[in-house]
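Novice: Could you build the full structure based on these sequences and the hints that come with them?
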Amino acid sequence: MTWQTVLRDDLQGVRRSRLGQGVAATTFAFTAGIAILVALAQLTSTSGEAPPFDTIVLLVGSVLSMILPFIAMLGSYGAIVQEREHGSVRFLLGFPNSRLDAYAGKYLSRSLVLSAATTAGLLVVAAVGFGILREPDAVAFLLFVVATLAFGLVFVGVGLALSAVLDSETQVSTGIISTYVLFRGLWPVAQWAGLYLTRPDGQQGIRPYPEWYFYFGRLDPINAYVKLVNVLFNDDRFTPLLTNPQGAELDYLAVSTPYSAAALVVWVVVVPVVGYRLFRDRDLL
Amino acid sequence: MPAIEISNLTKRFAGVTALDDLSFSVPEGEIFGFLGPNGAGKSTTINVLLGFTRPSAGSARVFGHDAVSESKAIRRRTGALLEGYGVYQRVTAREHVERAIRAKDADDDPDAILDRVGIADAADRKAGGFSKGMAQRMAIGMALVGEPDLLVLDEPSTGLDPNGTRELREVIREENRRGATVFFSSHLIDQVEAVCDRVGILADGEMVTEGSVADLRAQLDAATVTVTVERAAPESLLADLRGVDGVESAEATDNQVIVSARGGDAKLRALNRIERSGIGFADFTTDDPSLEEIFEVATLGPREGRTGRAGDDGHDGRDTVEPSTEGDR
Numbered sequence: 059m060t061w062q063t064v065l066r067d068d069l070q071g072v073r074r075s076r077l078g079q080g081v082a083a084t085t086f087a088f089t090a091g092i093a094i095l096v097a098l099a100q101l102t103s104t105s106g107e108a109p110p111f112d113t114i115v116l117l118v119g120s121v122l123s124m125i126l127p128f129i130a131m132l133g134s135y136g137a138i139v140q141e142r143e144h145g146s147v148r149f150l151l152g153f154p155n156s157r158l159d160a161y162a163g164k165y166l167s168r169s170l171v172l173s174a175a176t177t178a179g180l181l182v183v184a185a186v187g188f189g190i191l192r193e194p195d196a197v198a199f200l201l202f203v204v205a206t207l208a209f210g211l212v213f214v215g216v217g218l219a220l221s222a223v224l225d226s227e228t229q230v231s232t233g234i235i236s237t238y239v240l241f242r243g244l245w246p247v248a249q250w251a252g253l254y255l256t257r258p259d260g261q262q263g264i265r266p267y268p269e270w271y272f273y274f275g276r277l278d279p280i281n282a283y284v285k286l287v288n289v290l291f292n293d294d295r296f297t298p299l300l301t302n303p304q305g306a307e308l309d310y311l312a313v314s315t316p317y318s319a320a321a322l323v324v325w326v327v328v329v330p331v332v333g334y335r336l337f338r339d340r341d342l343l
Numbered sequence: 004m005p006a007i008e009i010s011n012l013t014k015r016f017a018g019v020t021a022l023d024d025l026s027f028s029v030p031e032g033e034i035f036g037f038l039g040p041n042g043a044g045k046s047t048t049i050n051v052l053l054g055f056t057r058p059s060a061g062s063a064r065v066f067g068h069d070a071v072s073e074s075k076a077i078r079r080r081t082g083a084l085l086e087g088y089g090v091y092q093r094v095t096a097r098e099h100v101e102r103a104i105r106a107k108d109a110d111d112d113p114d115a116i117l118d119r120v121g122i123a124d125a126a127d128r129k130a131g132g133f134s135k136g137m138a139q140r141m142a143i144g145m146a147l148v149g150e151p152d153l154l155v156l157d158e159p160s161t162g163l164d165p166n167g168t169r170e171l172r173e174v175i176r177e178e179n180r181r182g183a184t185v186f187f188s189s190h191l192i193d194q195v196e197a198v199c200d201r202v203g204i205l206a207d208g209e210m211v212t213e214g215s216v217a218d219l220r221a222q223l224d225a226a227t228v229t230v231t232v233e234r235a236a237p238e239s240l241l242a243d244l245r246g247v248d249g250v251e252s253a254e255a256t257d258n259q260v261i262v263s264a265r266g267g268d269a270k271l272r273a274l275n276r277i278e279r280s281g282i283g284f285a286d287f288t289t290d291d292p293s294l295e296e297i298f299e300v301a302t303l304g305p306r307e308g309r310t311g312r313a314g315d316d317g318h319d320g321r322d323t324v325e326p327s328t329e330g331d332r
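Going down the list, the sequences are from chains A and B.
Counting along the first sequence from 1, when you hit position 93 you're at 151 in this note's numbering, and nothing is skipped either side.
Counting along the second sequence from 1, when you hit position 137 you're at 140 in this note's numbering, and nothing is skipped either side.
One or more hints might be untrue.
Said to hold, decoys possible - Distance condition first, Cα-Cα at most 20 Å in a straight line; then the derived EDC-like pairs of lysine to aspartate or glutamate:
1) Lys75(B) <-> Glu269(A)
2) Lys75(B) <-> Glu150(B)
3) Lys135(B) <-> Glu158(B)
4) Lys135(B) <-> Glu86(B)
5) Lys129(B) <-> Glu98(B)
6) Lys135(B) <-> Glu107(A)
7) Lys129(B) <-> Asp114(B)
8) Lys135(B) <-> Glu177(B)
9) Lys75(B) <-> Asp112(A)
What the hints assert, rightly or not - Examples of chain B residues toward chain A, derived with CB under 10 Å:
10) Asn50
11) Leu85
12) Ala125
13) Arg128
14) Ala146
Hints were generated in silico from the structure; no laboratory data involved.
Yeah, the Cβ is synthetic: ideal placement off N, Cα and C, and Gly gets one too.
Specialist: This is the structure:
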């Protein structure tokens with residue numbers, strides 16, 4: 059059971075590294091920071107009425123949907139490739155650690171750091187939300203915490219998988235930037251490209267869109283997370299961050315909450331598993 | 004069961020054959036010197052043994068465990084100092100050793116280990132600030148954790164000063180006395196010769212020769228023994244010497260007898276006969292081939308026109324020994 063020793067050793071290193079501290083501090087800042095600003099604004103305001111709980115948590119969730127993927131990947135991208143580049147992998151895997159021990163230990167360590175920082179930040183959000191804001195919803199907030207932790211884990215997994223599969227820090231850095239661009243920018247482009255390729259000229263934008271458009275679109279983990287946050291704190295009404303279904307599209311399974319939840323779970327599980335399978339049989343030196 | 008058994012091991016990287024049908028074994032309890040020029044495939048062999056690199060064909064086993072499917076079991080019994088390692092910059096020397104202790108589930112005292120490798124004073128310093136020599140001492144200490152049955156040392160004297168190199172040899176001998184097999188990979192011949200029971204010489208991914216240093220010497224041309232005597236040797240003595248098994252020639256000057264002999268026994272018998280002949284045995288010197296020459300011949304092929312090594316390149320393979328020692332080894 060030496061994944062535990064890998065976990066412990068890696069945590070020791072991450073705690074002492076500027077990047078590890080930075081990842082934790084940034085995550086905390088973008089969650090607790092928003093809540094603290096809201097609280098300060100409320101305490102210094104003369105109008106009296108506090109903003110609704112849902113509005114503020116929706117704001118926190120929307121900000122996290124943009125920055126958490128990058129922070130999470132930054133937190134894990136060096137886990138293995140840096141050990142290979144700096145040579146300490148000769149200790150890590152010269153000890154009786156299997157590759158699974160090393161991979162799992164690193165995954166858990168980087169996940170723990172991000173999750174602890176996220177939880178700490180969301181505790182501050184909760185303190186402000188339940189202390190000051192109007193109409194707080196404990197159940198929705200708990201579900202939000204779970205979804206946010208899962209969302210972070212998706213990208214911890216992506217960063218680690220790239221770290222395990224690619225051969226240099228430069229490649230992995232390119233990989234995490236590409237991943238971010240893919241999910242934030244190229245995914246909707248691919249959806250539109252699909253419409254242009256499958257529909258006659260002039261009819262590409264006509265509603266309803268085919269169901270595949272939403273199946274594909276909401277498979278994107280960022281979209282899946284935004285959908286869940288929107289359900290919890292905006293009653294699934296219009297959001298500028300997603301293609302909002304209308305008419306017959308509202309009946310698609312692809313726009314349902316379970317589909318988005320399942321998409322997140324699939325990413326959480328599949329990415330680290332695929333990364334490990336590719337890592338297991340690679341030449342590391 | 005051999006400690007290490009390499010069978011028909013081949014490793015190709017993107018069209019380059021690093022190891023080519025390599026086979027050899029190392030018995031338990033031996034100090035085996037793994038010699039070869041840079042790029043011969045020594046580190047690749049070690050990387051396969053420890054599971055960092057997968058073989059393209061063939062197999063490697065350590066204490067009967069397969070290097071691919073049972074790598075963890077191999078590394079439980081192995082202490083490794085691998086060339087090209089990097090320390091954890093923000094982790095102290097003691098914490099490095101503690102990591103090895105935890106990973107191996109051992110009960111060593113980290114301070115005792117650091118004391119043994121001579122850096123007890125630096126236990127609480129972060130390894131990122133270490134000199135190469137200090138890092139090397141720490142890494143040697145990490146390899147010693149858990150009294151491993153096999154020590155794999157890849158260029159272990161890198162960065163060590165002469166004292167460190169001597170201490171390393173002492174540690175290797177101590178570990179070997181304890182029962183550990185030592186696999187000592189180096190391109191530094193004198194390091195290997197000083198400590199190893201047997202050596203294998205790797206070139207271009209193939210084992211070109213293998214055996215004890217004495218065996219390897221005997222495989223090469225005969226060594227020249229020059230005996231200084233008080234009176235000229237009679238022809239009858241020279242004829243007698245030429246009849247000794249392994250002696251290839253025997254010539255005399257006024258105060259020297261020069262015998263060319265293959266192998267230590269032949270030289271010893273020739274020396275004994277000269278001493279018994281009563282012509283006044285004063286001194287003798289031998290020009291045994293050094294491991295350096297063996298290495299050169301094994302990796303580059305024989306020198307053309309070379310008939311012996313009678314100091315022709317002035318290297319330090321020459322021993323001068325008092326007659327009473329009755330030999331040169």
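Novice: Can you name, in rising order, the numbers of the hints this structure does not satisfy?
Specialist: The structure conflicts with hints 1, 6, 8, 9, 12, 13, although it agrees with all the remaining ones.
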